[in-house]
Every structure is written in structure tokens, then in C-alpha cells.
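Peer 1: Here's the letter readout for the chains.
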Amino acid sequence: MLDKVLFYFFAAIAVASAALMVTRRNVVHSAIFLITALLATAGIFLQLRAEFLFIVQIILYVGGIMVLFVFVIMLVNLDVALQQIQFARQKWVALLVALALAAQVGFMFWTSGKMAGQGLPVLTAVAANRLPANSETVAHSLFESYLLPFEIASVLLLVAMIGAVVMAKKRT
Amino acid sequence: MLPIGHYLFLSLALFIIGVIGVVTRRNVIVVLMSIELILNAVNINLVAFSRLYGDVAGQVFALFIIADAAAEAAVALGIIIAFFRNRETVLEDEMDLLKW
Amino acid sequence: MMNAILQATLEFLKLYWVPLLCGVAIVAILPLIVGYIVLVERKLMADMQARLGPMRVGPHGLLQPIADALKLLIKEDIIPDNADRLVFWLAPVLSVGAALLALAGLAIGPAFQIAQDINIGILFVVGISALGIFGIVLGGWASNSHYSLMGALRSSAQLVSYETAAGMALVSALLFTGTLNIKSIVEAQNKEGIWFVMLAPVAFFTYLVASIAETNRAPFDLPEAESELVAGYMTEFSGFRWSLYFLAEYTNMIVVASVATTLFLGGWLRPFASVPWLNFLDFVPTLLMAGVGAYCIVRAPKQPTRVQQLFMLAVAGLCFVLGLVLLVPVLVLVAKPFYAGIHGGFWFIFKVSLYIYFFMWLRFTIPRYRFDQLMRLGWHFLIPLSIINVLLVGVALIAGAYFNLKGWGLLLVTTPAAVIALVVALLILNAEKERNARQNQTAASDFYAG
Amino acid sequence: MGPQHPSTHGVLRVKLKLDGERVTGSECIIGYLHRGVEKIAENRTYQQFAPYVDRMDYVAAVSSGLGYCEAVEKLLLVEAPPRARVIRTILTELQRIASHLLWLGTHALDIGALTPLFYCFREREEILKIFEKYCGARLTTHAFRIGGLQYEAYDTFERDVERFCKDFESRILEYETLLTQNRIWIGRTKGVGILTAADAIAFGVTGPVLRASGVKWDIRKAAPYAAYDQYKFEIPVGTIGDTYDRYLVRMEEMRQSRLICLQAIENIPAGPIMAKVGKVLKPPPGEVYHAIEAPKGEIGYYIVSDGTVMPYRVHIRPPSFINLQAFDRMVRGHLVADVVAIIGTIDIVLGEVDR
Numbered sequence: 713m714l715d716k717v718l719f720y721f722f723a724a725i726a727v728a729s730a731a732l733m734v735t736r737r738n739v740v741h742s743a744i745f746l747i748t749a750l751l752a753t754a755g756i757f758l759q760l761r762a763e764f765l766f767i768v769q770i771i772l773y774v775g776g777i778m779v780l781f782v783f784v785i786m787l788v789n790l791d792v793a794l795q796q797i798q799f800a801r802q803k804w805v806a807l808l809v810a811l812a813l814a815a816q817v818g819f820m821f822w823t824s825g826k827m828a829g830q831g832l833p834v835l836t837a838v839a840a841n842r843l844p845a846n847s848e849t850v851a852h853s854l855f856e857s858y859l860l861p862f863e864i865a866s867v868l869l870l871v872a873m874i875g876a877v878v879m880a881k882k883r884t
Numbered sequence: 394m395l396p397i398g399h400y401l402f403l404s405l406a407l408f409i410i411g412v413i414g415v416v417t418r419r420n421v422i423v424v425l426m427s428i429e430l431i432l433n434a435v436n437i438n439l440v441a442f443s444r445l446y447g448d449v450a451g452q453v454f455a456l457f458i459i460a461d462a463a464a465e466a467a468v469a470l471g472i473i474i475a476f477f478r479n480r481e482t483v484l485e486d487e488m489d490l491l492k493w
Numbered sequence: 118m119m120n121a122i123l124q125a126t127l128e129f130l131k132l133y134w135v136p137l138l139c140g141v142a143i144v145a146i147l148p149l150i151v152g153y154i155v156l157v158e159r160k161l162m163a164d165m166q167a168r169l170g171p172m173r174v175g176p177h178g179l180l181q182p183i184a185d186a187l188k189l190l191i192k193e194d195i196i197p198d199n200a201d202r203l204v205f206w207l208a209p210v211l212s213v214g215a216a217l218l219a220l221a222g223l224a225i226g227p228a229f230q231i232a233q234d235i236n237i238g239i240l241f242v243v244g245i246s247a248l249g250i251f252g253i254v255l256g257g258w259a260s261n262s263h264y265s266l267m268g269a270l271r272s273s274a275q276l277v278s279y280e281t282a283a284g285m286a287l288v289s290a291l292l293f294t295g296t297l298n299i300k301s302i303v304e305a306q307n308k309e310g311i312w313f314v315m316l317a318p319v320a321f322f323t324y325l326v327a328s329i330a331e332t333n334r335a336p337f338d339l340p341e342a343e344s345e346l347v348a349g350y351m352t353e354f355s356g357f358r359w360s361l362y363f364l365a366e367y368t369n370m371i372v373v374a375s376v377a378t379t380l381f382l383g384g385w386l387r388p389f390a391s392v393p394w395l396n397f398l399d400f401v402p403t404l405l406m407a408g409v410g411a412y413c414i415v416r417a418p419k420q421p422t423r424v425q426q427l428f429m430l431a432v433a434g435l436c437f438v439l440g441l442v443l444l445v446p447v448l449v450l451v452a453k454p455f456y457a458g459i460h461g462g463f464w465f466i467f468k469v470s471l472y473i474y475f476f477m478w479l480r481f482t483i484p485r486y487r488f489d490q491l492m493r494l495g496w497h498f499l500i501p502l503s504i505i506n507v508l509l510v511g512v513a514l515i516a517g518a519y520f521n522l523k524g525w526g527l528l529l530v531t532t533p534a535a536v537i538a539l540v541v542a543l544l545i546l547n548a549e550k551e552r553n554a555r556q557n558q559t560a561a562s563d564f565y566a567g
Numbered sequence: 311m312g313p314q315h316p317s318t319h320g321v322l323r324v325k326l327k328l329d330g331e332r333v334t335g336s337e338c339i340i341g342y343l344h345r346g347v348e349k350i351a352e353n354r355t356y357q358q359f360a361p362y363v364d365r366m367d368y369v370a371a372v373s374s375g376l377g378y379c380e381a382v383e384k385l386l387l388v389e390a391p392p393r394a395r396v397i398r399t400i401l402t403e404l405q406r407i408a409s410h411l412l413w414l415g416t417h418a419l420d421i422g423a424l425t426p427l428f429y430c431f432r433e434r435e436e437i438l439k440i441f442e443k444y445c446g447a448r449l450t451t452h453a454f455r456i457g458g459l460q461y462e463a464y465d466t467f468e469r470d471v472e473r474f475c476k477d478f479e480s481r482i483l484e485y486e487t488l489l490t491q492n493r494i495w496i497g498r499t500k501g502v503g504i505l506t507a508a509d510a511i512a513f514g515v516t517g518p519v520l521r522a523s524g525v526k527w528d529i530r531k532a533a534p535y536a537a538y539d540q541y542k543f544e545i546p547v548g549t550i551g552d553t554y555d556r557y558l559v560r561m562e563e564m565r566q567s568r569l570i571c572l573q574a575i576e577n578i579p580a581g582p583i584m585a586k587v588g589k590v591l592k593p594p595p596g597e598v599y600h601a602i603e604a605p606k607g608e609i610g611y612y613i614v615s616d617g618t619v620m621p622y623r624v625h626i627r628p629p630s631f632i633n634l635q636a637f638d639r640m641v642r643g644h645l646v647a648d649v650v651a652i653i654g655t656i657d658i659v660l661g662e663v664d665r
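Chains as they are written, first to last, in my numbering: chain A, 713 to 884; chain B, 394 to 493; chain C, 118 to 567; chain D, 311 to 665.
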């Protein structure tokens, strides 16, 4: 029962702040709403008993990337960007297409649940208290079965760092 | 753990809002933020299924997505700053020059 | 729908009523604790500067924090015109919220822990206190004056860069514990019989410096430097809003101090906890309290007014009661289970206050870093040193496991690691000196070109 | 940086041209404290003008008073008796220590060290107590008269000065342990506000700022006045002329002043304290320029008398005003945080700059 309420609570916050983020004129407000959306998704990870991902999401996403975003928003002087119209000309067409996509995928989820056989696996998840300690298992699998992707990810981060530095350097 | 359908619809909703953000907004920073939102929607799905099957691979993959999102955000913001310094604008439909 | 929610809240309350109560208690008591830390700081500063400090409100200024709190509540809080109202209200709340949330993850004694042992303990605390940056940046932006924005950007840049150094220092300590859960970290130190500050001294040093910078204090308090930016991002906030920022800063100081105590100084362990023949150390807390009580009694008659004399006697009484409370679990066998809780709490608070005392001590004595020196120290010296330290500690651990050394034996391996780390630090330092020297030459020559 | 900026000593407005964080140029707007002292002098008798001189550099009032009195004595071709000259030297050296203490306290406060300020003010309080016992005033003392002294040294004068000098030695060590070897202090002051010897001479800078740049020029040695020729003391000289050197020079100067006081205390000659100077002073027509070594630098008095009771023209050469001109050269290429340190290190007092 508690799970259900928690899920609906976090889901409502996530969808509401995401919607607000997209529609706000003031970029700082939309950044704040994105932060709330990210925290809500972190809450959902917690509800799914993925604590390690919960804290990584907070440290990396909210504490790292969003700080970057807020810094850039500060550096880019906002009063110029505010006056200009915020939405692209082809706004309505784009909205229509997106909603069509939504309807289609929604219908697919909806029906698959009904049809037997090729539908979604009707498994019951492992009970919460018999789950192994989350961070240990993540660590074990990260450094044993997924060691190569881990190294590639670190190279990727290195490349991104160098790229960002080169781009942001003053053209002297 | 609720039945999987709930998580699917939630991530679908976030995904669609992200797509709307990318497609309709002119301000590049908001477009970038919407991309972050889409990545987040994907993460929810991954973690939900990882919890359903009890296999932690999904969470590890979500970890890699977050790392990649960080890298992508860093480079994209670097480009925006460089662009803003020269052209004084942040709107995407004015970014029509390949080399400035 | 309604009864579902009702049922969920009942279920929630049944499961988590203890942490809920602790949380409410902490949030209520914290402003008082912070108030008295501020009073202690002002008194200490005065004492070091050959003056008396606040003496007017209450005997020896002991009621000063209440007076400050009242003043801050009554003061009219002004919102600068065309400032962004939502963000202006949100920023201090975000800052305090992050600090208080981080406090929830900590454990004062083996018994008192607000969030019952989350198995990502330390990471949770560090992660949540990283949210404090938004409070500062948005605060600076919302008061849309050029100076406070500059102050906000500077202090958040400082926070971000020193967070990496602090994180790395924690990693090298976590190598010893093997787990993130706070209770098991202190258990590990108890089992090893040695505190991690001895095993990883360089890590402790880097964490100490990084935590000072992270809480914007002592030599790194440039954003609030009076002489340049006039209180940085806090300039436009007045009255209650400003006190929220103030509360956040001091809570952050407590959080950082308790993380350091849990990880490096053996949490709630009595010094030499596992050494049986040193058990007389259990009497130290009571002796300390008795000593303070005696000092108050000796000073009581010298107080000028009747009220102050009574007050000193009351304080003396309090100290004696505390001494008694600390004595009971040691002597009376039936109260054995309470021993860990009460003594643990005492030792934890004792170590945290020592750590905070060191913060204050630095603030009074040494001058302030310039912003570029500050960033250079962070990036050029602290982060490389802490990364190399993680490497060295890892190697030391493998060597230790190879010779399967235990407890104090590990010292044989970790001390050379610390020595190598120090050598590397000196190398970085004089590499810095040559670069500066070269830079100064150029700086001096281009004067004339200027 | 506006006139009431917390770190400009008094009312100095500095317009800084910045490129990002670096200072590319600066302009000091002064005059907020201009009282037209020199115009007032033209319709005051010589004795009446003496208190005005204290109000100029209110931090070092005794030395400006000494300069003025000696200049008028030169005009009157009168010589102060030996006892008066020795007591004048002792009081001037004490004033130098007090002025340097105030400089050290505020300079350290600007750079962030909170504690030295209170230690320095504790010592300065001792000196001001001696002034108060001697002439009733603490800051603007008007201690001297033309031709000698007004008051005889009070009975415990020697003992007070000796007690002060005795424990001042340990006090200076206290400041030094706090600051001299402090890495952050060195970081903030080394290589900041460099003034080479050639620039210093070109700008006409005098006092500790000049000596820190390596030029060995001190009027107490070059043209000894009062009783300076009777005592042995060295002149501290710096090397590069940056803020750190100026700090070392001033600390050394405090030690030297202490030595002078100790030597002077041993034998204060007996005898009259006032030369034979009439009530009404009518100096013969002519002009005189007399300069002495004030704590901030060379303070000079150019007095033209037309034989009447009031001087025809009095011009005062204030060291702070001229040292301030070198501010722009020192500040160029530094950061905003250094501007505060540089204002502190040239030790200016706005009363003297604006007159």
C-alpha cells in the first residue's frame, strides 16, 4: 500500500515539474523544475529499492550536471533571451506529432498487457526484504561482468572533458 | 514493486514531455534540458525492469547512461558558451552557420 | 481513494515513527545549538583578541543567541525590486533543506540515528550536502545585483572544486572500511582497533582542508570577504532569510565535522576502545564534567550581580548531573546496555566540537586567500594529492593483505604510503613555486608595457 | 570603490578600470576631506596655527607638530634647549610606533587576519596613555610650542616609557609569529604592488615606501633635527619594494624607534624647557623650508613671513598625498583583492592627503 502511494506521489511530481519545465518562459524557472523532476525520479529509484542509483542520480545529475546548467544560464545574460519568443514556429505541428506518437506507444502498452502469450512477462518481483544489498551487487557486476564498458565510459568522459575545455577556451 | 505497467506509462509520459520540449522550444538550453529528461525517462524503464527480473545489469546500464549524459552535457554547454560569445544569441534557429 | 491514502499513512507511521520524531526534535533544537555555537565562536574570538566578547545579554552573554534570534525574526526583510520572487524565497530554503537533510544521515551514537542505517550512509550525506550549492547560486542570482551574482558564482565554483578533493579523500578512507554504512564504518574502526586517521593521515589532512573550503569558512571565506564583495551572495537577504543562510552554514559545518569524526576519528568510540587495560578512560567524561562544575563554583562568588552568581551555580549543578549520568553506566552493571549510547554520544560530540574548534581557531588567526590562489590551491595541489593518495592507500592495502597484517600492523604499510604522498605534495608545491617565479618575472616586465 | 568603502582608509574614492578581474588603470578621486588648512594659516598667528597642524595627519599629530615648531624656530633663528629637544625626540618616536601599529592592524584586517588588529591597538593604547599624562590629549596632542615645550615631563615619564619599551620587544615578536612566516600572508603580499627604486624616486615617494624599494634615505640621518644626532640607530632598507618588503621595513622601524627611546631615556639633560621667545612672535621677513621624517614619510613646511604676526604663506608637503601618486603604477596588472592590500601598504591618511 505504501509503495503505491509513494509511487503515485513521486510520479505526479515528476510529470508535473517536467511539464512546467517545458512551458516556463524564464529559463531559470525551468531549470529549477527540471531539478525537481530529477529528484522525483531519484525518489522512484528509491521506491524500486535501487539506493545506489538514487544517490548517484543526486550526486551526478542534480549535483553535477544541473550545477553546470545553472552556471551556463548565469553566464548567458537572460534578459536578451527572455524578450524573444520562446516557442518555435512549427509549435502546433510538432505538438500534434508528439501526441500521435504518445497515443501509439500508449496503445501498444495497453493492449500488450491484455493479450496472452506475447504480452509482458507476468512475473512477480522478488520481495523487498530478500533483495541483496544494492550497492554491493551493483559494484560486483560493474567491476566483474561489465568491466570493459566501465573503461570505455571513463575514456568517453576524458574525451568529453578535453572537448569542453577546448570549446570554452577564449579564442586567443 | 508495482506491476510494471505503471512504470512504463510514467517513463512514456516523461519521454513524450521531453520530446515536446526538444521539438517546440527555441532556447537551446531548454532543448538540452529536455534531452536530459528523455534520458531520465529511459533510466526509469531500465531500473524498473532490473527490479522486475532481479538482475542488477539494468541499474549498471542506467549508471552508464548517467555518465554519458554528463559527458554530453559538458560538451554541449561548452559549444553553447563558445557560440554565445561570438553570436550573442541562444536561440537555435539563429544557429544556421556551420563556421563562425 | 481516500481510505487508500489513509491506510498508507497509517502504515508509514507504524514503520517510521521513530525517525520522524528524531527528525522533528533535531530541526527544533538545531537553531538553538547553532545559536550557541555562534556565541562560543564570538567568545573564543574575543578571548584570542584580548577582549571580552558579548557580555551584556544575560550573565556572560549566555542569552545572546536568543537575543540574536529575536532580532532576526523582527527585522523587516526587504526584497530587492524586480528580483525574482519565487527564486528569492526558494534559495535560502533549498540551502537549509540540504543541510538539514544531510544531518539526517548521520549517527550521533550507536543508538541515535535518524535514518535507520541506510546502507549508502556516507555517500547519502555527501550527496545531499552537494545540493547546498543551488541555494547559494540561486540566492546570488535572485537578488539581481551584480556584486552578489559575482559572489555567488565564486563561492559555488569554490564549492564544486573542493567537493572533488573531499570526495577523493573520503574514497581513500572508505578503502579501509569496505562499506558505506555509517554504523559498520565505526564497527570496522573498533574491530581494527585503530582509527583511520592514523592509517590515512594525508586523506584526513586533505579532507580537513577541503571541508573548510566547502563550508566557506576561515581562509577560504572570500565570497563573504568584507573588504571586497561585502558579504557576497548574502548581501540582499535580511532578517529571517539571512538567518536561514546562516543556519545552513553552521549546520554544514556540523555535518562536515561529524563525517570527519565518523570516518577518521572513530565515531563514538572511546580512544583505545578495544584495549582492555585502558578501560579507566571511561571515567574521563565524568572527570571532565566534574572539573567544569568545580570551575564554575570557584568562579561563582566573583560574579558582580546576584543573578549571575545564581546562574553560575546552576551551570555547575548541570555539569555535576551530567557527570553523574556519565558515571552510572560505567559503575552500575545493570545499566551496561546504556553504556554504549551515553558514552558514545559524549565522545562523538566531544570530537565534533574539537573539529569545530579547529575551524574557529583557523578563522581568527590566518588571513584570507585571494580567489585565484584559492582555486589554484584546490586544483593544482589538493585534487592531485588526494587522487595520488587513493592510489597509494590502495597499494598499501594490497601489501597489507599480502602480508596479512591486522590493526596496528597495517601501520607498517600505510605510513610509507603517507610519506610518499607527502613527498609528492612537496614536489607539486615547488613545481608551483618555479611556475610562479617564472610568472612573476613576466608579470614584472609587462608592467612597463601596461 | 566608493568613498565609504570599508577598506579605504578614510574617504578615498578609487575609479578602477577593470578587464574582467585584472586592473588596467586607476584614478584616485580625493578632496572629500579638504579643509583649506593652508589658506587658514594666512590669517592665524604662528602660535594659533600650531593646533591646525595636528588635524592634518591625525594619526601622527606629534611629528607634524614637531615639524611646524622647528620650521618656525628656524625662521626666528631660535634654538630649543637640549632638554626640550630630547623630550621632543622621545615623543616623536613613540608617535611613530603608534602610527605603525595602527597601520599594521588595519592592513592585516584588510587582508583577512582578524587578530593582529586587537594586539596592535592594545599597545597603541599604552602610548596614548603616556601622551595623555604628558599633555592631556591622546590623538591631536599639540604637545610642542614654538621654542620648546609647554609642559615639564611629568614625574613618572621616564619609568612609563621604559616599561613600555621593555615589554614592546615581546609584543613585536607576537605580531611576527602571527604574520611574517604565514604562508597565506606571504602569498597575499609577496610580489604585490611592486615599486622599483627608479619609479619610487621618479614619483618623489618618501618614507618606508621609498626605503622598501631599496633607497637608503631617511631625514633623521640625512639632516638630523631635534636630538637625533646623539643616538645610534639603523635605517631598514627593503629589496624588491613589494608589500611584503614594506611590511618588514615598518616592523624593523618600530624596533629602531624603541632603541632610540631607550637610549634617550637614560640621560634626559636637566635645564630649561623653553627658549627665550616673546609672547608676540614677529619673525624677520624671509622664507624657510624645514622637513622632518614623519611615520608616513618626509613632511615639509615652507613658511614665508613678511615680518608681521601672521605668516604670509604656509605650504605643507604631506607624504601621504605624494605616496598616493605611486598608487596607480603599483595597482596596474593586479586583481581587485590586491587593490585593497596596496591601499593598506602605502599607509595613507586622508586628512593629510586633502589638507
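The set of hints was computed from the structure by calculation and includes no laboratory data.
All C-beta atoms, glycine included, are put in the ideal place defined by N, C-alpha and C.
Misleading hints may appear alongside valid ones.
Calculated from the model, a selection of chain C residues having no Cβ within reach of chain A, i.e. all distances over 10 Å [said to hold, decoys possible]:
| no. | residue |
| --- | --- |
| 1 | ALA247 |
| 2 | ARG416 |
| 3 | GLY462 |
Below, simulated PhoX-like cross-link-like pairs (lysine-lysine); rule was C-alpha separation at most 25 Å, straight line [unchecked claim]:
| no. | chain 1 | residue 1 | chain 2 | residue 2 |
| --- | --- | --- | --- | --- |
| 4 | A | LYS716 | C | LYS131 |
| 5 | D | LYS500 | D | LYS526 |
| 6 | D | LYS384 | D | LYS531 |
| 7 | D | LYS384 | C | LYS550 |
| 8 | D | LYS349 | D | LYS589 |
| 9 | A | LYS881 | D | LYS439 |
| 10 | D | LYS325 | D | LYS542 |
| 11 | D | LYS542 | D | LYS526 |
| 12 | D | LYS443 | D | LYS476 |
Peer 1: Now look at each hint and say whether the structure bears it out.
Peer 2: Here's how the hints hold up against the structure:
no.	hint	verdict
1	ALA247	violated (4 Å)
2	ARG416	holds (48 Å)
3	GLY462	holds (27 Å)
4	LYS716(A) <-> LYS131(C)	holds (17 Å)
5	LYS500(D) <-> LYS526(D)	holds (21 Å)
6	LYS384(D) <-> LYS531(D)	holds (19 Å)
7	LYS384(D) <-> LYS550(C)	violated (54 Å)
8	LYS349(D) <-> LYS589(D)	holds (24 Å)
9	LYS881(A) <-> LYS439(D)	violated (60 Å)
10	LYS325(D) <-> LYS542(D)	violated (44 Å)
11	LYS542(D) <-> LYS526(D)	holds (16 Å)
12	LYS443(D) <-> LYS476(D)	holds (19 Å)
Comparing the model with each earlier hint shows violations of hints 1, 7, 9, 10; every other hint is respected.
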